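**Q** Protein sequence lines, in the order shown, are assigned to chains D and S. The working numbering puts the first sequence at residues 181 to 448. The working numbering puts the second sequence at residues 15 to 290.
Think of the hints as simulated: they come from the structure by calculation, not from any bench. Source: prediction; values computed, not measured. Careful: at least some of the hints might be erroneous.
Stated by the list, open to error - Stretch-level coverage of chain D by chain S, calculated; a stretch enters the list once three of its residues show a Cβ under 8 Å from a Cβ in chain S:
{"hint": "1", "region": "249-255"}
{"hint": "2", "region": "265-273"}
{"hint": "3", "region": "335-341"}
{"hint": "4", "region": "417-431"}
What the hints assert, rightly or not - Quick list of in silico lysine-lysine cross-link-like pairs, DSSO-like style, CA-CA up to 30 Å:
{"hint": "5", "chain 1": "S", "residue 1": "Lys-224", "chain 2": "D", "residue 2": "Lys-263"}
{"hint": "6", "chain 1": "D", "residue 1": "Lys-263", "chain 2": "S", "residue 2": "Lys-68"}
{"hint": "7", "chain 1": "D", "residue 1": "Lys-263", "chain 2": "S", "residue 2": "Lys-125"}
{"hint": "8", "chain 1": "S", "residue 1": "Lys-224", "chain 2": "D", "residue 2": "Lys-390"}
{"hint": "9", "chain 1": "S", "residue 1": "Lys-147", "chain 2": "D", "residue 2": "Lys-263"}
{"hint": "10", "chain 1": "D", "residue 1": "Lys-390", "chain 2": "S", "residue 2": "Lys-68"}
Even for Gly, the Cβ is constructed at its ideal location relative to N, Cα and C.
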Amino acid sequence: MIEALQFTFIQHALIAGILVSLAAGIIGSLIVVNRMVFLAGGIAHASYGGIGMAVFFGFPIFLGASAFAVLAALLVANLTLHKRHRIDTFIGLIWAVGMAIGVIFVDLTDGYNVDLMSYLFGSILAVSTQDLYFMGALLGVIVFVTTFWYRDILAVSYDSEYARLRGIHVRFFYTLILVLSALTVVIAIKVVGLILVIAMLTIPVYIAEKLSNTLWHMMILSGIISAIFTLVGLWFSYTYNLTSGASIILVSAVSLGLFLLLFGRLRK
Amino acid sequence: MPVVEIKNVSFAYEHDLILENINLEVEEKDFLAIIGPNGGGKSTLLKLMLGLLKPSSGEIRIFSKPPHKGLSKVGYVPQNTNVNTDFPIKVLEVVLMGHVGAKKPLFGYGKDEIACAMGALAQVGMQDFAQSKIGDLSGGQRQRVMIARALCAHPKILILDEPTSSIDIQGQKEIYELLKMLNQSMTVIVVSHDISIILEYANKAAHVNKRLAFHDISDKSKTFHTHGDEEHFCEIELLQMLGAESCQKCTSASSVTEGDSAASQPEKERTWRKEA
Numbered sequence: 181m182i183e184a185l186q187f188t189f190i191q192h193a194l195i196a197g198i199l200v201s202l203a204a205g206i207i208g209s210l211i212v213v214n215r216m217v218f219l220a221g222g223i224a225h226a227s228y229g230g231i232g233m234a235v236f237f238g239f240p241i242f243l244g245a246s247a248f249a250v251l252a253a254l255l256v257a258n259l260t261l262h263k264r265h266r267i268d269t270f271i272g273l274i275w276a277v278g279m280a281i282g283v284i285f286v287d288l289t290d291g292y293n294v295d296l297m298s299y300l301f302g303s304i305l306a307v308s309t310q311d312l313y314f315m316g317a318l319l320g321v322i323v324f325v326t327t328f329w330y331r332d333i334l335a336v337s338y339d340s341e342y343a344r345l346r347g348i349h350v351r352f353f354y355t356l357i358l359v360l361s362a363l364t365v366v367i368a369i370k371v372v373g374l375i376l377v378i379a380m381l382t383i384p385v386y387i388a389e390k391l392s393n394t395l396w397h398m399m400i401l402s403g404i405i406s407a408i409f410t411l412v413g414l415w416f417s418y419t420y421n422l423t424s425g426a427s428i429i430l431v432s433a434v435s436l437g438l439f440l441l442l443f444g445r446l447r448k
Numbered sequence: 015m016p017v018v019e020i021k022n023v024s025f026a027y028e029h030d031l032i033l034e035n036i037n038l039e040v041e042e043k044d045f046l047a048i049i050g051p052n053g054g055g056k057s058t059l060l061k062l063m064l065g066l067l068k069p070s071s072g073e074i075r076i077f078s079k080p081p082h083k084g085l086s087k088v089g090y091v092p093q094n095t096n097v098n099t100d101f102p103i104k105v106l107e108v109v110l111m112g113h114v115g116a117k118k119p120l121f122g123y124g125k126d127e128i129a130c131a132m133g134a135l136a137q138v139g140m141q142d143f144a145q146s147k148i149g150d151l152s153g154g155q156r157q158r159v160m161i162a163r164a165l166c167a168h169p170k171i172l173i174l175d176e177p178t179s180s181i182d183i184q185g186q187k188e189i190y191e192l193l194k195m196l197n198q199s200m201t202v203i204v205v206s207h208d209i210s211i212i213l214e215y216a217n218k219a220a221h222v223n224k225r226l227a228f229h230d231i232s233d234k235s236k237t238f239h240t241h242g243d244e245e246h247f248c249e250i251e252l253l254q255m256l257g258a259e260s261c262q263k264c265t266s267a268s269s270v271t272e273g274d275s276a277a278s279q280p281e282k283e284r285t286w287r288k289e290a
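Sequences and hints are given; from them, build the entire structure.
**A** Shown next as structure tokens:
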């Protein structure tokens, strides 16, 4: 393992894993406390539409996926406000239609035979320097936004009706959380892929929630737990030649099982 | 001058008429109980007062201003404080949410804000729990914290929606004793199911079931004679009596504020205000 660290692609993989874990810890916490897990799942899958279009029109894939995911997030935010009681139906629609658009555009692209699987399940060993800049910049934005508006985001997440009474623009913060989720999903696609991203956004958060008294503790703790899972998963992936995204998720799931067993014992 | 004025207010969701021609005036330091059957429009009336909903017709004034402008003077304690108890948040942080319009620091909370929140917690006897996780408290303790959050903005009116649902009997009594104490310095408006308890503390009662029947109950011995027993009120009789749109027993409240009758009977209105 140590000798592997001299390879640039391994170094990139480790840095990407840590950056994405920290972003996923913060955003995953917000998604879980706001009960938006299904919404984030829909946005993640819809972003595949952007990947397909980026391939077809020949612009950077990150850009295509980001633009598409943000559009999906804005659409979801709008639907939650106006069609609240039918939101699950619309999420299902966005989920499937986004993916279908992606598949069709990839079909239409001449001579394109890049492995679809790398987007569905991650391709952390193919992280470029440019990708790292994008991940770092997004993490910076997320940290700044959540610090600057911490009390408003906390109020909206905990009790949105009360927040509205106290003059907080609930709709703005709700949309902001969804847009940041969309961008986090896009960078997480590189690490675990868009199918597995939901596990990365929820498993560490679930553990952290049990151990935290405040939202910001939960965010930081989730980030750290997520980073540990990612690094351990990568080690398994490298040592036994397994798919990295799936390894990370299974490490997380097994750890969650152990945690719940131990935590249950301690509580008794 | 009344602190809350509701004039000829009606409210409908789509085509369902929820409230019809409501008239109500709440005076300073009143303790108003809003009672009535489920789905009768009690919570809707509260939401109208808070400006969360807009009336279909009629007018609401809080300190002579439209509800959304008078909000800094209104403290609100919502229903269902038992939801979202997994949320990782400390008691102090919940109370700090009550601040409004104050100058906020760029990041985090100001020292004065924290001092003020601790003061509000002390008022409800919860200062020792400031650093506890909200989910670790009992229902009654959590309700006190929500009252502290409402007190944080130094309100002149405190509005509570079913403050004692899902709290044990002892806890309920404590909450009402707390409200009685707070009532010495502010107007209290409570929506509640606990008719017999709330009527012990309230001086005005409004029975809402699409329409509103108003009663001055500050002199209870005069108002209630149910089962011939003045100590114990029969809830069913009480509800029937308070729900009646013209009520004979409640003599002091002869100006039942219903429909346009209040507006056309200024004489009587003045009479009961003097008595109250």
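**Q** Hints first: check each against the structure and report whether it holds.
**A** Verification of the hints:
1. 249-255: violated (count 0)
2. 265-273: violated (count 0)
3. 335-341: Our answer is that it holds, as 5 residues pass the Cβ test (under 8 Å) against chain S, meeting three.
4. 417-431: Violated, because only 0 residues of the region 417-431 of chain D bring their Cβ atoms closer than 8 Å to Cβ atoms of chain S.
5. S:Lys-224 <-> D:Lys-263: Given pair Lys-224 (chain S), Lys-263 (chain D) holds - Cα atoms ~27 Å apart, limit 30 Å.
6. D:Lys-263 <-> S:Lys-68: Measuring from Cα to Cα gives roughly 20 Å; hence the hint holds.
7. D:Lys-263 <-> S:Lys-125: Answer violated: Lys-263 (chain D) to Lys-125 (chain S) is near 42 Å, above 30 Å.
8. S:Lys-224 <-> D:Lys-390: violated, 45 Å
9. S:Lys-147 <-> D:Lys-263: violated, 34 Å
10. D:Lys-390 <-> S:Lys-68: Cα-Cα ~40 Å, so violated.
Of the numbered hints given earlier, the model fails hints 1, 2, 4, 7, 8, 9, 10; all others are met.
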